[in-house]
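Okay, here's what each chain looks like letter by letter:
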Amino acid sequence: MIKLKHCKTLLASVCLTLLTAGASAQNKTIAIGYQLPLSGENAQYGMLFRNSATLALDDFNKSGKLPGVTVQIKFEDSKSDAKEGVNIARKFSDDSSILAVIGDFNSTVSMAAGQVYAQTKVAQLSQTASHPDFVKISEYQFRNINTQAYEGPLIANWAHGNGVKKVAVVAIQNDWGQSAANNFINGFKAAGGTVTDVEYFNPGTRDFRSILTKIGRSQPEAIFLGAFYEDGSAFLQQKLQMGLKQNVYATSSLYEKKMIELAGPAANGLYLTSTFLVESTEPHIASYVKAYEARYGAKPQQFAAQAFDATNIMLNAIVAAGGANATRAKVRDALAATKNFPGVTGTTSFDQATREPIKLLTKLQVTDGKFVSVK
Amino acid sequence: MRRIISVSLLLAAVLIVVPGILTLVGGGYWFRVMTTIGVFSILTMSANLITGTTGLMSLGHAGFYGIGAYATALLSTKFGWPFYLTLPVSGAITAAFGILLALPTMRLIGIYFAVATLGLGEIIHVTLLNWVDFTRGPMGISAIPGVTLPGVFTASDTTHYYAVAITALIAAFVLGRLTHSYYGNALRAVREDDQCAASMGLNVVGLKIQSFAFACFFAGVAGGLWAHTTGYISPGDFRFSESILILAMMVVGGLGSLPGAVLGAVILLGLPEFLRPIGDYRMIVVGAVMFFSILFLPRGLLGETPVLTVVRRQFGLAWDAKSNLGWRQ
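Just so you know, the protein sequences line up as chains E and X, in that order. Under my numbering, the residue at position 222 of the first sequence is numbered 235, and the numbers go up by one with no gaps. Under my numbering, the residue at position 142 of the second sequence is numbered 770, and the numbers go up by one with no gaps.
Derived from the structure by calculation, the hints contain no laboratory data. There's no promise every hint is true.
Unchecked claim - From chain E, some residues computed to sit far from chain X (all C-beta separations above 12 Å):
id : residue
1  : S52
2  : V129
3  : W171
4  : D188
5  : D220
6  : T226
7  : Q250
8  : N338
What the hints assert, rightly or not - Some, not all, of what chain E presents toward chain X, calculated at C-beta under 10 Å:
id : residue
9  : K104
10 : Q132
11 : T209
12 : Y213
Backbone N, C-alpha and C fix where the C-beta goes; we use that ideal spot for every residue, glycine too.
In isolation and in its complexed conformation, chain E is listed as follows:
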C-alpha cells in the first residue's frame, strides 16, 4: 500500500514535471527592440512611445493571436544622441531574441542607427523619422509617418483652394522643416500660387518678431508654418501681438492639445492636418483613447498614437512571419507586405516600390480653442 502511494506521488510529480516542461517549451519568448529617448531633451516623446507600446503589447499578449508565444519589448534609452543610438543598434543586432526594431525618435539618431541595421539586416520601423533619405538607407528601413512629400502638396492645394494666392513660408531649420517647406513650396507653385518669403529659424529660437516683421512687410495672404508645437504656439502668439491678420496653415506636428493651451486665443483660426483625431467616435480609436487615459491619466496625442500603430504593425508582421518560427528576414518581408492595416492613425499601407507609408490625413481648424474637422 505504501509502495502504491509512493508510486502515485512519483507519477504525479513526473506528470507535473512533464507538464511544466511542455508548457515552457511551448511558451516561447520572442522580442522586439525599441530604441527611444527616455532621458535628455526629447524624453517627453520617448515616454509617450513607451506608454503606447506597452499598451499595444499587453493587449496583444492577452489576445492569444500567438498561442504559446510571449512577445516582449526591450526598451533602450538613446537620449536622442547619435552615439548612444548607434551603440543600441549594435546591441539589438547582437541579441538573437530580437526579431525587429522600432525607433528611434528623431531623424539624426534614426539615420545613424539605420546604417547599422542596414548592415546587420534587421528591420527597423520608426514611428516618427521623417528624413527624406531615411527609407533610402536600405530595404530594412520603414516608417509609420507620412513624409512631407505627401503632406506638403496636400496643404498647398488646400490653401490654394481656399483662395490663397500669395503665401509666406516659415519653418524650423532641421531636416524635417526643410522638407516640409520645400514640399509645400513646390506644391503651392505647381497649384499656381506665389511664395513671398521663405524663412528658417534655428532650433531653440523662441523670438519670431524679426521674421514676423519681415513677413508683415511683404503682405502675403497666408503663412505656412512648419514647426513643432512649442515653437508653433510661440509663433502664433507673437503673430497676434504684432497684429498680423493672415491665416496660418500648419502641418500635423502642431496637432497637440498643449499647443492650444500655450497659444491661447492666438491659436484660433489655425488650419492644420492630422492623421489622428482624439475626439474620433470610431470604435477602435475610442477604445484606444479610453484605455490609454485609464492607464496613464492623460489623453494620447498624435505621436503616442503613431507609436501605438507602429507597435501593432510590427506585432502583426511577426504573426504573419510565422510567430514562434519567425526569423528576422521573414519579419522584414512581412513588414514590407503590410497592406491596409487598420490603425488609430488611419489605414496604413507600405508602397511596394519605395516602402513609404500612405496614410490618410484629416483637415482641421482650431475654433474656440478646439480642433474641429473641416472639409
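Based on these hints, arrange chain X on the given structure of chain E.
This is chain X only, laid out in the frame that chain E set:
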C-alpha cells in the same frame, strides 16, 4: 628597458587583449562602444593639450571635431577619397581652421578666452547647420563609406576598432612626446604663469597657437574617424554639449594627463552603456560619479594639476584689477 616593457604591454592590451576579450564576449555591441570610446579618447587627449597642458580653457572643441567630420564626409562621398587620405587631410584642414580661428583670441586670457572659444564652437555649429548648399545643413551626410582597403580588409566592427585604436595610439604617442619634453615644459610654464614664461624668453603666443594647431589636427582626425565608422553625420553631433562632454572627460580623468584623458572617456562613455540594465536611473549614477570625483578627487583620477586651481586662476583673472581685465598686451 622598463619603458620598452610598458609600451609593449600597452600595445598588446590595445591591439590583442581588448579585441580578444570583446570577441569572446561576442560582440558587435562592445566593439562599437569601444570604437566610440576610442574616438573620444583622441578628442580628449587633444583637448587636454590645450586645456590641461597649456592651461587655456577651450569650450569649442566639438566645433573642430565637426570640421574634421564634415571634411572627411565630403571628401569621401563627393570625391571618393579613401580613409588613408581623408583622415590626414581632414586633420590638416581642421588645424588650419584652428590656427585661423585661434589667432584673434590669442590675446584674451582667462574666462574671456573660454567664452570666445564657446563662441567659436557655436559659429562652427551654426555654419554646419545653415550652409545648406555645402554641408546639406540639417539633412546631414549619409552613406559615408567605412574604413576599407579593397583587397586587404573590408569595413566591419573589427576593422573600425583597429582603425580607431591605431590612430589613438599614434595620437597618444605624438601628444605624449609633445608634452613630456622641453616643449611640453614650455607649455606648462605658459599654463602656470604666462607673463613669467614670456619674461624668460618663451614666445607665448606662438606656443599657444602651436598647441591649438596640434590639438585641432587630432580633433579633426577624430571627427574623420567618427564619420567613417558611423556612416552618417549631422550638425547635431557637434553641439556645445559635446564640448562639455569632452571637458568633463578631462576633469574626471585628470587635467594634463594623457592616460587620464583616456580613462575619462572610458568612464563617461562606458559607464552609461554598462549601466543600461538599471534603465532610467543610469544617468543619475553617471552624474553622481562626476560629482563625487570632483568633490573627492579634485585632481581627477590621474591629473597633474587640480582643475579647481586652473578654474580659480581663470576666473580670478576676470576681476583682478591689475591684469587689464581679460586682455594681455
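### Query
So which of those numbered hints doesn't the model satisfy?
Violated hints (numbers, rising): 1, 2, 4, 11; every other hint is consistent with the structure.
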